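*Asks:* Each chain, written out:
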Amino acid sequence: MENAIVLKPEILGFYKNLPITNTLLVGWVAIAILTVTSLIIRFRIKIIPGMLQNVFEIIIDYAHSLVTGLAGERKAKIFFPFMMTFFLYIIVSNWLGLLPGFGTITYHGEPLFRSTNSDLNMTLALALISAIATHLFAVKYLGIKNYLLRWVALNPIFLFVGILEIVAEFTKIVSLSFRLFGNIFAGEVVLSTVSGIFAFILPLPFYFLEIIVGFVQAAVFAMLTLVFMVLLSEKHAEH
Amino acid sequence: MNFLSDFGLNPVLLAAQVVNFLILLWILNKFLYKPILKILAERRKKVEDSLEHAEEAEKKLLEATEEAQNLIAKAAVEGQKIVDGATKAGLQIKDEIVQKANEAAAVVYKKNEEAVRLREERMMNEVRAAAADLVTVVIQKLTGKVITKDDQKSMIEKEVRNLS
Numbered sequence: 001m002e003n004a005i006v007l008k009p010e011i012l013g014f015y016k017n018l019p020i021t022n023t024l025l026v027g028w029v030a031i032a033i034l035t036v037t038s039l040i041i042r043f044r045i046k047i048i049p050g051m052l053q054n055v056f057e058i059i060i061d062y063a064h065s066l067v068t069g070l071a072g073e074r075k076a077k078i079f080f081p082f083m084m085t086f087f088l089y090i091i092v093s094n095w096l097g098l099l100p101g102f103g104t105i106t107y108h109g110e111p112l113f114r115s116t117n118s119d120l121n122m123t124l125a126l127a128l129i130s131a132i133a134t135h136l137f138a139v140k141y142l143g144i145k146n147y148l149l150r151w152v153a154l155n156p157i158f159l160f161v162g163i164l165e166i167v168a169e170f171t172k173i174v175s176l177s178f179r180l181f182g183n184i185f186a187g188e189v190v191l192s193t194v195s196g197i198f199a200f201i202l203p204l205p206f207y208f209l210e211i212i213v214g215f216v217q218a219a220v221f222a223m224l225t226l227v228f229m230v231l232l233s234e235k236h237a238e239h
Numbered sequence: 240m241n242f243l244s245d246f247g248l249n250p251v252l253l254a255a256q257v258v259n260f261l262i263l264l265w266i267l268n269k270f271l272y273k274p275i276l277k278i279l280a281e282r283r284k285k286v287e288d289s290l291e292h293a294e295e296a297e298k299k300l301l302e303a304t305e306e307a308q309n310l311i312a313k314a315a316v317e318g319q320k321i322v323d324g325a326t327k328a329g330l331q332i333k334d335e336i337v338q339k340a341n342e343a344a345a346v347v348y349k350k351n352e353e354a355v356r357l358r359e360e361r362m363m364n365e366v367r368a369a370a371a372d373l374v375t376v377v378i379q380k381l382t383g384k385v386i387t388k389d390d391q392k393s394m395i396e397k398e399v400r401n402l403s
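Listed in order, the protein sequences are those of chains C and D.
Just so you know, this note's numbering puts the end of the first sequence at 239, numbered straight through with nothing missing.
Just so you know, this note's numbering puts the end of the second sequence at 403, numbered straight through with nothing missing.
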């Protein structure tokens, strides 16, 4: 990347009103990879697993037992797909962004590929889905009355606490989206800077670091979503 | 909101990403999570079943082994019994045979003894007769007369007279 650090994703073209950015494009690639993989697994699923099925069985079994342990059997059915999809989508996008060609292949003078999560649009969208789903599940499991009682109370102290909690909900969205965006964006910047200094061998440790960061951020996003869902869908402690 | 537009925030892009994610969520749920969780549950059940079967088989094997051992022990006892009975019967038969043989031998011995005794007697008689004849012939030769019964008598009387 010879050009200066840019926060905005580069727009490659327009489809009607939809700007096709390089980050959106990579997001589609990640979705395509996951879709093809899941279709392959779906149609070649066997009781004695093959290599690919085995890998996903390990991941899914581990995550599912984690969700079941935290949320219980009944809620796990609803929470698990969200948590797992966040994890898989984010980790695939993050690791895709480390492949050669990202930032270097250009299209009409703009980089064709750019890591999906180095675009705040993408991370904010994920955070919004996480937050909205969390609140919808809270209403579903608590009922609308119990859900609202969490935020408002007649007691002035708890009314204040309720207001704080409402603020905290928005903070969650900001922290989820900016954490992911910041980590991946910073990673991209570091990699391009180090590659600019010396392109051979020197960036390798940073690539290893970014592989770990990509995994950790995916795990953190998924775990936080899960924890928020569990916390909010539990009955508020009696005052 | 200049700050947000610095980051290139665009409601259309946001919406696109939300739609992307929801589509991915649906696809993964349908084609990845559900089949895999189903097959995991299936496998768990299968393993449980086979473990149960294995346990059962082991128990059966143990029972069978025990039964076999019991049968063998029983057979050994029975076999010993049969051998003992046979030995006893054999001894009895042997005793009987020996006794019969002894009896038969005794009979044969007795018969032989009788026959020997008869022959001896007969021989003695013959010897006596021969001796008497010899004596008669000798006397005849000596006296020159045939000794008859009367002669004998008279001789005996004469001798008796001499004696007294």
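Keep in mind that the hints were calculated from the coordinates and are not lab data.
In this text the structure is predicted, and so the values were computed from the model without any measurement.
There's no promise every hint is true.
[To be verified] Listed next, the in silico EDC-like pairs over lysine to aspartate or glutamate satisfying Cα-Cα at most 20 Å (straight line):
hint: 1; chain 1: D; residue 1: K349; chain 2: D; residue 2: E365
hint: 2; chain 1: C; residue 1: K77; chain 2: D; residue 2: E281
hint: 3; chain 1: D; residue 1: K277; chain 2: C; residue 2: E110
hint: 4; chain 1: D; residue 1: K284; chain 2: C; residue 2: E57
hint: 5; chain 1: C; residue 1: K8; chain 2: C; residue 2: E110
hint: 6; chain 1: D; residue 1: K277; chain 2: C; residue 2: D61
hint: 7; chain 1: D; residue 1: K269; chain 2: C; residue 2: E234
hint: 8; chain 1: D; residue 1: K269; chain 2: C; residue 2: E110
hint: 9; chain 1: D; residue 1: K277; chain 2: C; residue 2: E73
hint: 10; chain 1: C; residue 1: K46; chain 2: C; residue 2: E57
hint: 11; chain 1: D; residue 1: K273; chain 2: C; residue 2: E57
hint: 12; chain 1: D; residue 1: K327; chain 2: D; residue 2: E317
hint: 13; chain 1: D; residue 1: K298; chain 2: D; residue 2: E281
hint: 14; chain 1: D; residue 1: K285; chain 2: C; residue 2: E57
hint: 15; chain 1: C; residue 1: K8; chain 2: D; residue 2: E317
hint: 16; chain 1: D; residue 1: K284; chain 2: D; residue 2: E295
hint: 17; chain 1: D; residue 1: K269; chain 2: C; residue 2: D61
*Asks:* Give a verdict on every hint.
*Replies:* Each hint tested on the structure:
no., hint, verdict
1, D:K349 <-> D:E365, "violated, 24 Å"
2, C:K77 <-> D:E281, "holds, 17 Å"
3, D:K277 <-> C:E110, "violated, 45 Å"
4, D:K284 <-> C:E57, "holds, 16 Å"
5, C:K8 <-> C:E110, "holds, 12 Å"
6, D:K277 <-> C:D61, "holds, 11 Å"
7, D:K269 <-> C:E234, "violated, 27 Å"
8, D:K269 <-> C:E110, "violated, 36 Å"
9, D:K277 <-> C:E73, "holds, 15 Å"
10, C:K46 <-> C:E57, "holds, 11 Å"
11, D:K273 <-> C:E57, "holds, 11 Å"
12, D:K327 <-> D:E317, "holds, 15 Å"
13, D:K298 <-> D:E281, "violated, 26 Å"
14, D:K285 <-> C:E57, "holds, 16 Å"
15, C:K8 <-> D:E317, "violated, 98 Å"
16, D:K284 <-> D:E295, "holds, 16 Å"
17, D:K269 <-> C:D61, "holds, 16 Å"
Hints 1, 3, 7, 8, 13 and 15 from the list above are not met by this structure, while the remaining hints are.
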